[in-house]
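Taken in sequence, the protein lines are chains P and Z. Numbered continuously in the UniProt record's numbering, the first sequence closes out at residue 363. Numbered continuously in the UniProt record's numbering, the second sequence closes out at residue 363.
Hints are computed from structural coordinates only; laboratory data are not their basis. Some clues are possibly wrong.
Identical copies look the same in the list; a pair holds intra-copy or inter-copy alike.
As the list claims (entries may be wrong) - Simulated pairs of lysine-lysine, DSSO-like, Cα-Cα distance not exceeding 27 Å: (1) Lys341 with Lys168; (2) Lys290 with Lys23; (3) Lys168 with Lys255; (4) Lys82 with Lys156; (5) Lys82 with Lys290; (6) Lys168 with Lys82; (7) Lys275 with Lys341.
Protein chains: 2
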Amino acid sequence: MFGIDVPIFAFSHCRDVVVEVSKAGGMGVLGMARMSPERLRRELAWIDSHIEGKPYGIDVLMPTTYQEAGDLKFDPDRLFPKEHLDFVRGLLDDAGVPPLPSADADAIVRELLSELSFTPAESARMLEIAMEHPIKLIVNALGSPPKALVDAAHAKGIKVAALAGRPKHALRHKENGCDFVIAVGTEAGGHTGSVTSMVLWPRIVDAVAPMPVLGAGGVGRGRQMAAALALGCEGVWCGSIWLKTIQSEVIPEIKARMFAADSDDAVLTRSVTGKPCRTLRCAFTDAYEKPGAPEPLPAPLQNILWWSEGRVRVERVRAPDFLTYPVGQIVGDMTQQSTVKDVVYEMMDELVEAQQRLSAMFE
Amino acid sequence: MFGIDVPIFAFSHCRDVVVEVSKAGGMGVLGMARMSPERLRRELAWIDSHIEGKPYGIDVLMPTTYQEAGDLKFDPDRLFPKEHLDFVRGLLDDAGVPPLPSADADAIVRELLSELSFTPAESARMLEIAMEHPIKLIVNALGSPPKALVDAAHAKGIKVAALAGRPKHALRHKENGCDFVIAVGTEAGGHTGSVTSMVLWPRIVDAVAPMPVLGAGGVGRGRQMAAALALGCEGVWCGSIWLKTIQSEVIPEIKARMFAADSDDAVLTRSVTGKPCRTLRCAFTDAYEKPGAPEPLPAPLQNILWWSEGRVRVERVRAPDFLTYPVGQIVGDMTQQSTVKDVVYEMMDELVEAQQRLSAMFE
């Protein structure tokens, strides 16, 4: 479908990762959530001038999902029940994380909010910009892409795919004209369902056959890639593994926390976005697990609450206990920094070993 | 290690399943929790006379874990906080599940309790009885088997294994002299950890290498077995899949609920035993998820609360909404009854297909 050498699709917010994976024979896919049109233009131009003609794609949140956030105006005291604001503020105050300087606070928060709350028109504009570049793939991260967008992409020779955590979602993507689906097991970083890759992938493969399926969730090494192929997938979709690379966007303090983490430190929590999202455990996610904590607000409010009140305060002083990032259970295998190229080559080496071991067992 | 034809280990409380799996070339393992010494003797004698000399094993809860229950005397009003008793009783009363006839109630509950609360001496006696039979394997379901037991088993040529949900538990089993470990992903039925098979199996394989590992959790078909081998396991340990067979101990009403269930109806809940246990979702597990429900009691109290107050009342009238059974996420693939033999043969057929598909991708 893309003329790539190895069926590794790399989701990353980092243009360097996208370029390196595509140059290593896989397919980089740029996550463009929370990016302004100007920044998107810059990032894609940079990719085009470095990727040496190799194919790449973009990952978007489609218009329909933006609408709910688009209608929100930022006014913390009106948007958030007092109990929730007090809970987050109290948590950070008690931990000695300083409040934002009042002059900066409003500006920082407004900028964040403007990135979070695209209107449908703005996000359509983002897609237009992306389609002016030689992208080969558009992936929808939440829900099914609208038919009109699928048709527009296909008219330009661009393939369209979408993520699915249940067979019925995968079937809807197929009906809407997607070219393939990405089956996401619960062990993945970010928003996930509750069914594991081992159980989910073959169910989705069977549900949409003969449409190709990529396995996502729990894939960071060659043996897991071999398992994906054995389970009927045509390739893999990886996100977390790139966070450990020197190219990744993750700050050193968060990387250090990831390298020290075990698999069950990647917790599924509603505290960060309001929807179940697998994230590196931290003082913030722990606080929401304790008796007496408020139930997280529905999406997108919890996300805005955390980004506006929490994350800016925390990242400004890099308060270690509160630093977090979406990551999957493979974080337990991530113990040291590496390059994107080495990750791809090690995966391929171990994939070949795994396949040879399996063949030998059958002889 | 056992001279079996196919590396499928079948955990079952049902002697027929044990015999059929071993006769089909795998290895049946009888779960003997909640069995009196007399019944164990009868079951093993029955197995010996039907299994045609094929190897089989037993799965036990070792003495150390019995102690806590052994000290409990049954007195619901003393054992259980009033809030908890009222919650369970109220739930069943509201749903119209009749209370037990008072003449029977005490006797039924006492019998249940006597099965749940072995003393260490009694459980050692159980193991002695088992070792008088030609068993080839003892599996410890909870914790590491004591060194003395491992030595006693080895002296009789019996292998010993144990279940592990984390690499450090697997390492402890190795130190205690186990011959292999069973790595249990969160998608398994019954007590499980939080890490999925895709992530956990290769981590445990690497942690205890070159000791063999069986993959458990999410295995009900050949592609999942191929994935286990690709991930570095030497075979698989399956429990849930046998529940759908005509040989299984599960009553028809529960089977019907399983056939209608989706993968995410196998919920991880503390409401049944006090520890995280993956179980078919029912009105009882749902009730504990609602705001205002009590926190489940610690093990083994929650288990006794449910078995004594709940399960007997529910199963006596087969109240459909409350019927449940431990089962893994593969329940979503279980849609109709089958025989044990057909399950084994279908798994092997699909395993071969998966391996051939993988080989073809490499040519």
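Intra- versus inter-copy proximity for Lys255 and Lys168 (alpha-carbon distance at most 27 Å): between (36 Å within a copy, 23 Å between copies)
Within, between, both or neither, where Lys82 and Lys156 count as close if Cα-Cα is 27 Å or less: neither (49 Å within a copy, 68 Å between copies)
Homomeric proximity label, Lys341 with Lys168: Cα distance no greater than 27 Å: Classified as neither: same-chain Cα gap 36 Å, cross-chain 31 Å, threshold 27 Å.
Copy assignment of Lys275 with Lys341, given that the CA separation must stay at most 27 Å: Classified as neither: same-chain Cα gap 33 Å, cross-chain 43 Å, threshold 27 Å.
Homomeric proximity label, Lys82 with Lys290: Cα distance no greater than 27 Å: Close inside one copy (19 Å) and across copies (24 Å); limit 27 Å.
27 Å Cα threshold - placement of Lys82 relative to Lys168: neither (38 Å within a copy, 43 Å between copies)
Up to 27 Å CA-CA - Lys23 versus Lys290, copy category: Classified as neither: same-chain Cα gap 46 Å, cross-chain 51 Å, threshold 27 Å.
The earlier numbered hints that this structure contradicts are 1, 2, 4, 6 and 7.
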